[in-house]
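S.K.: Protein chains in written order, with our numbering: chain A, 10 to 398; chain H, 19 to 312.
Incorrect hints may appear among the rest.
Derived contacts from chain H toward chain A, CB cut-off under 10 Å, selection only [unchecked claim]:
#1 Val246
#2 Ala269
#3 Val284
Partial chain H-side listing against chain A, Cβ under 10 Å, derived [said to hold, decoys possible]:
#4 Phe55
#5 Gly107
#6 Ile123
#7 Ser126
#8 Gly132
#9 Pro158
#10 Ile241
#11 Val249
#12 Leu253
#13 Ser255
#14 Ile257
#15 Val286
#16 Val290
#17 Ile293
Honestly, the hints are just simulated from the structure, not real lab data. Backbone N, C-alpha and C fix where the C-beta goes; we use that ideal spot for every residue, glycine too.
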Amino acid sequence: MSDSQTPTSAAGAATEEAPVEATAAANAPSAQAAGGRSFLPKSTLLRHLVVVLLAIVAAVVILEITDPFTNSQLAQLSYYAIAAGGLTVLTGLNGQVSLGHGALMAVGAYTTALFLQADEPVPLPLILLVSTLVATVVGALVGVAAARLHGPYLAGATLALAVGLPGLAIYFHDIFGGEQGMRVRAPQPPDAFKDFISFVSGNSATGTKWLAYVGAICLVITYFLLANLVRSRIGRTWRAVRDQDVAAELAGINLGTWRVLAFTVSAAAAGLAGGVLALVIRLAAPSGFTLVLSLSLLTAIVLGGLGSLLGALLGSALLVFLPPFVTDLGADFGLDNTEAAQLAPFVYGVVLIVAMIFAPAGFVGTVRLRWLTYRAKQRAAAARSSSGG
Amino acid sequence: MQQFINITLSGLVEGMIYAAFALALVLIWRSTRIVNFAQGAMAAATAFIALALIDAGQSYWIALIVALLSGFVLGAVVERVVIRPVEGGPELNAVIVTLGLFVAIQASIAIIFGSSFQSFPTPFGVRGFEIGDSTIALTPTSLYIIGSVLVVMALLVALFRFTRVGLAMRASAFGQEVARLLGVRVGRMLTLGWALAAVVGSLAGLLIAGGEFIYPAYMDSLIVFGFVAAVLGGLDSPIGAIVGGLLLGLALSYVSGYIERGSALVNVAALVILIVVLLVRPGGLFASSVARRA
């Protein structure tokens, strides 16, 4: 699928059907590579900064016009999206699948919970930073083992991680609170935030709203950093390692190092997501980091399109807004509460299967490829008519 | 000393179940190069079918046979409907499809049978035999477990070595193109392989359920243990899967028996063993091929 990077060769391949490689969405041509008329600046950094500004404005508007319940849903969305962003970079760009991101989120969540237990907790940004760092270290350790694995082996090893790591929280129950987990005291919103909210909309600056903002800020920062990374030399190297490892090695790329780096970056995102999660749900417990969490993240990125940050965001939105919808639907069909609650994972599973069989490139990848094919065909038609005439 | 014997015995019995489950994974890996992460959920589904029959008043043995048959059908249907489109494609796609199956089947179990803990009967007693005046950790149920796993393994060996179907299945696993040219219906053989593997996995699920409580996710640990056992044995070799299963059963039994509150550490121990094996000897203890790009 690497030939979809330029529109002309995509036309040569005449890809009418969806691409078979799941990672096709990761090969996004940048605005200038696609030769499109773009209103965005040419420089990648500037372009991403513009998007960041727009995202901040959009986040404030959305958080202020929606009710408190939607605010808390959006806070939920932010931690799913941060973790999914990290995972999509790992799986989409570097071709490594991880079922252990739920466990890495647990590392971040427990770190945040431990730090907030102190009588005089250190500032929140510092706590989240430390959570990210701890998860990064754990991720680097896992990554060293994971770098030598591929496909099913890696999936199995990270599966063992997802099932095994929460056991540590139960074993060291003096520190981590065992099965009950640790309650998290959510920090109070600072005065500057209250002033800001009363200036912007006059809504009451509740704790929920503050956490939704914390989540949104973390999300924007994470995606900005990841987007730059994807477009950089590092992102290109990851794609080379994924698609043609032998050629990449011949070109002087040390495969192991780059795979470990991808896992580490991805784990950092998972750690931050875990920290935000602990703040939002105010609890860090083993039952919150089951295998289903890791598999939900996988569903989000597969559905959105592996390797696409936009896809990860869309997929995460599905994780947040789909469960209430299908649970209500199930209740209408006469299922009781616990049964209806299982409808969401059922849909995730079916979505994973159907997406992989019919549109492995996911939503963003498929749309992007259709668009490229369409444009290339138009250009070819234009070239034919001009040369003929 | 007595404690050591008891822990070893219970480790061996658990190990037999892991071995059976690992064998199911290996059967599928050999034929389609796919690790079936849905194996545990499929086995759990058949265990719930068996339990429903037992609750309806049927005997354990009828329930067992129906469960194994439904495992056979489930395996065949799964291969034909959702695995066939991704066979031979990028390995990431196949991994994701089996994971999707895993989630979907587990959720369906919870929707159909409920997600509460339900006790699963065992046909034999769970009281240990007495030798002299001490009771050892070998129960009639553990003899039943060992016996049924051995019987199934003997049947599989007989199938693969002495029948035409077994020969055709080995041929399709060994070289699909060549087998197809020689007139083997490779597609059917793959379906049959998945169906047989599902039967073996389902047996493992029923055996581990005996005398315990089952709930939709009760096989989650077993899929990890089965995978670790299979990788220990090289993922390619049936004998390796059995030895790997026994070794893992012993190791985990020692962890939970000798470390205080060690039962919380069993899953972590499996993770550590897996990582060590993959780093030190990625080909496993019994890999048939030397060069495996792990």
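S.K.: If a hint holds in the structure, say so; if it does not, say that too.
M.R.: Against the structure, the hints:
1. Val246: holds, 7 Å
2. Ala269: Check failed: Cβ of Ala269(H) comes no nearer than 14 Å to chain A, outside 10 Å.
3. Val284: Holds: closest Cβ of chain A sits about 7 Å from Val284(H), inside 10 Å.
4. Phe55: Hint on Phe55(H): holds, closest Cβ of chain A at ~7 Å, below 10 Å.
5. Gly107: holds, 6 Å
6. Ile123: Given a least distance of 7 Å, the restraint on Ile123(H) holds.
7. Ser126: Status holds, d = 6 Å.
8. Gly132: holds, 7 Å
9. Pro158: It is violated, given that the least Cβ distance between Pro158(H) and chain A is near 31 Å, above 10 Å.
10. Ile241: holds, 7 Å
11. Val249: holds, 7 Å
12. Leu253: holds, 8 Å
13. Ser255: Violated, because the Cβ-Cβ distance from Ser255(H) to chain A comes to roughly 16 Å (cut-off 10 Å).
14. Ile257: violated, 20 Å
15. Val286: Given a least distance of 4 Å, the restraint on Val286(H) holds.
16. Val290: holds, 8 Å
17. Ile293: Ile293(H) check passes; min Cβ-Cβ to chain A is 5 Å, inside 10 Å.
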